[in-house]
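S.K.: Using the sequences and the hints, build the whole thing.
Here are the chains, one letter per residue:
Number of protein chains: 2
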Amino acid sequence: MTIELSDFLLSRKQTIEAKLPQYINELEASNTIKEAMLYSLNAGGKRLRPILVLALLHTYGKREELGMATACAIEMIHTYSLIHDDLPCMDDDDLRRGKPTNHKVFGEAVAVLAGDGLLTQSFSLIVNDPYCSVENKLRLVSELVKAAGAEGMVGGQIADMEGEDTVLTLDELQSVHENKTGKLLQYSIISGAILADAPEEDIEKLRKLGYHLGIAFQIRDDILDIEGNEQKIGKPVGSDTLNEKTTYPKILTMPGAKAKLEEHISQAKDLLENLSVQSNILVQICELIANRDH
Amino acid sequence: MTIELSDFLLSRKQTIEAKLPQYINELEASNTIKEAMLYSLNAGGKRLRPILVLALLHTYGKREELGMATACAIEMIHTYSLIHDDLPCMDDDDLRRGKPTNHKVFGEAVAVLAGDGLLTQSFSLIVNDPYCSVENKLRLVSELVKAAGAEGMVGGQIADMEGEDTVLTLDELQSVHENKTGKLLQYSIISGAILADAPEEDIEKLRKLGYHLGIAFQIRDDILDIEGNEQKIGKPVGSDTLNEKTTYPKILTMPGAKAKLEEHISQAKDLLENLSVQSNILVQICELIANRDH
Chain F
1 MTIELSDFLL SRKQTIEAKL PQYINELEAS NTIKEAMLYS LNAGGKRLRP ILVLALLHTY
61 GKREELGMAT ACAIEMIHTY SLIHDDLPCM DDDDLRRGKP TNHKVFGEAV AVLAGDGLLT
121 QSFSLIVNDP YCSVENKLRL VSELVKAAGA EGMVGGQIAD MEGEDTVLTL DELQSVHENK
181 TGKLLQYSII SGAILADAPE EDIEKLRKLG YHLGIAFQIR DDILDIEGNE QKIGKPVGSD
241 TLNEKTTYPK ILTMPGAKAK LEEHISQAKD LLENLSVQSN ILVQICELIA NRDH
Chain G
1 MTIELSDFLL SRKQTIEAKL PQYINELEAS NTIKEAMLYS LNAGGKRLRP ILVLALLHTY
61 GKREELGMAT ACAIEMIHTY SLIHDDLPCM DDDDLRRGKP TNHKVFGEAV AVLAGDGLLT
121 QSFSLIVNDP YCSVENKLRL VSELVKAAGA EGMVGGQIAD MEGEDTVLTL DELQSVHENK
181 TGKLLQYSII SGAILADAPE EDIEKLRKLG YHLGIAFQIR DDILDIEGNE QKIGKPVGSD
241 TLNEKTTYPK ILTMPGAKAK LEEHISQAKD LLENLSVQSN ILVQICELIA NRDH
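The listed protein sequences correspond, in order, to chains F and G. Its first residue numbered 1, the first sequence is counted upward by one per residue in my numbering. Its first residue numbered 1, the second sequence is counted upward by one per residue in my numbering.
Hints are not guaranteed to be accurate.
Simulated coverage check for chain F against chain G, where a stretch passes if three residues somewhere in it have a Cβ under 8 angstroms from a Cβ of chain G [to be verified]:
hint, region
1, 31-38
2, 147-154
With a cut-off of at most 25 angstroms between alpha-carbon atoms, the simulated BS3-like pairs for lysine-lysine come out as follows [stated by the list, open to error]:
hint, chain 1, residue 1, chain 2, residue 2
3, G, LYS269, G, LYS258
4, F, LYS146, G, LYS19
5, G, LYS46, F, LYS19
6, G, LYS260, G, LYS232
7, G, LYS13, G, LYS260
8, F, LYS146, G, LYS232
9, G, LYS19, F, LYS104
10, F, LYS258, F, LYS232
11, F, LYS250, F, LYS235
No wet-lab data here; the hints were simulated from the structure. The beta-carbon is built from N, C-alpha and C at its ideal position, and this holds for glycine as well.
M.R.: This is the structure in structure tokens:
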């Protein structure tokens, strides 16, 4: 089966963006907290993580509906992390995807709480998923905590801050990104496989695939910060250099970083070739991550 | 069976305080995030919420070990909420229980992330509880989200901030406290009953009991802010008046607030009398909440 990637991405992005606000609108909570949560959830973005969940169900020939709750839970976690990252005490960003950041609109206190609210709610989506088996729910929550908490994203954010004023080695840089962005991306892939009841051997290959894609994603980010088009990436180029951040091109030179990116994408594709199913869509997503312009 | 309350409280507090750091120490995470999480977890306090979980298991004649994971999860959530509440953008507190607040020691960014880490980890404790049935785990997570998220504690915190510059009615005040502190206290009680496999009719009575105890707890807090001993409550008396906060004594007068407190405690005790089991320890905890001096 072949399918045009751009159609797949657009239609799934629309499905996810139609579903996400429903989980907030149905809450018995004050307008302020709901508006603050919705503001950032509705702020757009590529929706890459939730789309990956659906892409895995698609790959295993299952109804994508089965992945919707977990997909939205991951997007809530990603969104909460952006709200907290943008706070004055963290990255102090005024704009996110061209719109004022959450704390610029609602104030810092509400922004902290909107993030807390999204993080908390995400677990409810999984345990109340009408399609998922009880065993899978527990596994999904347990893996999500590892990906998003102190052993994953939260820990990576701390490591990233601690590394700001020092020059990191390649291993250290890799470890920062593996935790800060890689593990939630990886979780998007393996959660989709778990929901599709994929064979355990496939899940382990997909875990490795997620690792390579996470690193590849970050290398591309670093490259775009130098070679990207400001309007497409939605932020000024050169900000990493300005902030003296350790990046892949800085450690490896630009050609070296591009070679490393190719290496990770090629390892990811090798893993895909050895799954129990063929996945045209995942191969295309690998290529997209290697070549994306935003 | 009668048992001396102070012995019960002290021994359970010690058990909980011995167990709590284990969940953090075993994490594969950086020292910074673990230290920041442990700092606030180890900062003491009455440990009322986790003790309530154990008290429920005790009441139903079950091994208290069965409640330990959930008890610690609740204490992690309570602790994260204190870390975030103390932030400069929220209550801006420098001291908590006589010790510098988390952000004073680790900086604001780490404090935000330590809170995020504790909140995330708490769900892992429940889903990885070695004693709990899968059905109970899912129910406990689902109820915890309602108690701690936008429909509960997080929403209550927002409402509390929004009410700061206005005079609240009794209903509004009650609603703020029901969400901000009541629902997590209530959850401590019903989660213990769920873990004890208590009859559903008991769980519904205990839900009502939790509601009354939550309100009673807050009324006593307001009373202590006026009549309390600074050294015992660990903060200056009169801060509510200074901050022009709406309190129970302000709306009801002091004798009115005390009568209202008695009313809620008496309703709580009536509910206890109609459980399928006798609970000397819960009756004593009700009395403690009504009369506590800190």
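S.K.: Would you mind marking each hint as holding or not holding in the structure?
M.R.: Verification of the hints:
1. 31-38: With 4 residues closer than 8 angstroms to chain G, the region 31-38 of chain F meets the three-residue bar; holds.
2. 147-154: Holds: 5 residues of the region 147-154 of chain F have a Cβ under 8 angstroms from chain G.
3. G:LYS269 with G:LYS258: 16 angstroms, holds
4. F:LYS146 with G:LYS19: At roughly 20 angstroms apart (the allowed maximum being 25 angstroms), G:LYS19 and F:LYS146 satisfy the hint.
5. G:LYS46 with F:LYS19: Distance ~42 angstroms between G:LYS46 and F:LYS19 Cα, so the pair is violated.
6. G:LYS260 with G:LYS232: 23 angstroms, holds
7. G:LYS13 with G:LYS260: Violated, at about 29 angstroms.
8. F:LYS146 with G:LYS232: Violated: F:LYS146 and G:LYS232 sit about 40 angstroms apart, past 25 angstroms.
9. G:LYS19 with F:LYS104: Outside the cut-off at roughly 40 angstroms; violated.
10. F:LYS258 with F:LYS232: At roughly 20 angstroms apart (the allowed maximum being 25 angstroms), F:LYS232 and F:LYS258 satisfy the hint.
11. F:LYS250 with F:LYS235: Since the Cα atoms of F:LYS250 and F:LYS235 sit roughly 20 angstroms apart, the hinted pair holds (cutoff 25 angstroms).
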